[in-house]
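2 protein chains.
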Amino acid sequence: MELKATIIGYVRKEEGIAPYIEIDRKYWGATLNLEKFSHIIILWWITERDNQEDRSNIQGTPPVENAELSGVFATRSPRRPTPVGHTICSIVEIDQERCRIIVDHMDAFDNTPVIDIKPYLPSSDRVSHAKTPKWFDDNVYRYSSGD
Amino acid sequence: MELKATIIGYVRKEEGIAPYIEIDRKYWGATLNLEKFSHIIILWWITERDNQEDRSNIQGTPPVENAELSGVFATRSPRRPTPVGHTICSIVEIDQERCRIIVDHMDAFDNTPVIDIKPYLPSSDRVSHAKTPKWFDDNVYRYSSGD
Chain E
1 MELKATIIGY VRKEEGIAPY IEIDRKYWGA TLNLEKFSHI IILWWITERD
51 NQEDRSNIQG TPPVENAELS GVFATRSPRR PTPVGHTICS IVEIDQERCR
101 IIVDHMDAFD NTPVIDIKPY LPSSDRVSHA KTPKWFDDNV YRYSSGD
Chain B
1 MELKATIIGY VRKEEGIAPY IEIDRKYWGA TLNLEKFSHI IILWWITERD
51 NQEDRSNIQG TPPVENAELS GVFATRSPRR PTPVGHTICS IVEIDQERCR
101 IIVDHMDAFD NTPVIDIKPY LPSSDRVSHA KTPKWFDDNV YRYSSGD
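Chains as they are written, first to last, in the working numbering: chain E, 1 to 147; chain B, 1 to 147.
Since the hints were made in silico from the structure, they are not lab data.
As the structure is a prediction and not an experimental result, all values here were calculated from the model.
Fair warning: there could be bad hints in the mix.
No distinction is drawn between identical chains; accordingly, a pair holds when it is met within one copy or between any pair of copies.
Said to hold, decoys possible - Here are the computed lysine-lysine pairs in the DSS-like style, where the Cα-Cα straight-line distance is at most 30 Å:
id, residue 1, residue 2
1, Lys26, Lys13
2, Lys131, Lys26
3, Lys26, Lys134
4, Lys13, Lys36
5, Lys26, Lys4
6, Lys26, Lys36
7, Lys134, Lys36
8, Lys13, Lys131
9, Lys13, Lys134
Isolated chain E, as found in the complex (with noise of 0.2 Å):
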């Protein structure tokens, strides 16, 4: 079985301007209502990754204080069997003109594959107490705060 991803669109970066993603014209109609939500969750495509040794990649440090070697499952290292990352961004702003979906912040450099954008919902995507090894406490919180 093939498990082949469609790209919908590109992450954008240009001096000077927020990042943004721009969507082929003809997955456009489906933003339809984006605009609705804050927050968006982008699955794209890590192709700086995409190599047969980076996909046989099972364990690594991350790369904080004091961390212990984990498997890439307990590490959101782009080195890993699917080299698909994920990124939380807030919606700066959709133009329609340009089908765009301004963001801003992504991780991801210029010209990367995106696979696919879903809406973040509270319901489902939010954890409030949710444990995490010491070595990932003094992350910065980007959306939330640290309790």
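Put chain B on the given structure of chain E with help from the hints.
Chain B only, in chain E's frame:
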């Protein structure tokens, strides 16, 4: 460019026991330290929707009261260009001997391929105040309050 996902395990659902992800033994090392997290993000392949018609679907109306026609990127419809599912689960137990991650719930069918598991990091994944359209207001909150 072909973007091919790797199957790292399968969703298993058996009568009378909690659902679990059975990880391919060759990827089991990738779960090292996963027990230090309380929640995970499971990315899975919606195989029953992996056909040309469903993958061409652009808009639909969420199956909740008073919902408006929306683009699929503004819904969690399984009928979308890349049929990838995204579920946040609580880890119930990790069965080292049988290579199983037992979870509290799973909204995918038995034998669904899993393509990635990521640890839930509140720093990047939790959004305290997310706006959604009013038709999602009555959703039941799984891991947080509705505030």
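Hints, one by one, checked against the model:
no.	hint	in the structure
1	Lys26 with Lys13	within (21 Å within a copy, 37 Å between copies)
2	Lys131 with Lys26	between (41 Å within a copy, 27 Å between copies)
3	Lys26 with Lys134	between (45 Å within a copy, 27 Å between copies)
4	Lys13 with Lys36	within (24 Å within a copy, 35 Å between copies)
5	Lys26 with Lys4	both (18 Å within a copy, 22 Å between copies)
6	Lys26 with Lys36	within (21 Å within a copy, 43 Å between copies)
7	Lys134 with Lys36	between (36 Å within a copy, 9 Å between copies)
8	Lys13 with Lys131	between (33 Å within a copy, 25 Å between copies)
9	Lys13 with Lys134	neither (33 Å within a copy, 32 Å between copies)
Going down the numbered hints, you'll see the structure goes against just number 9.
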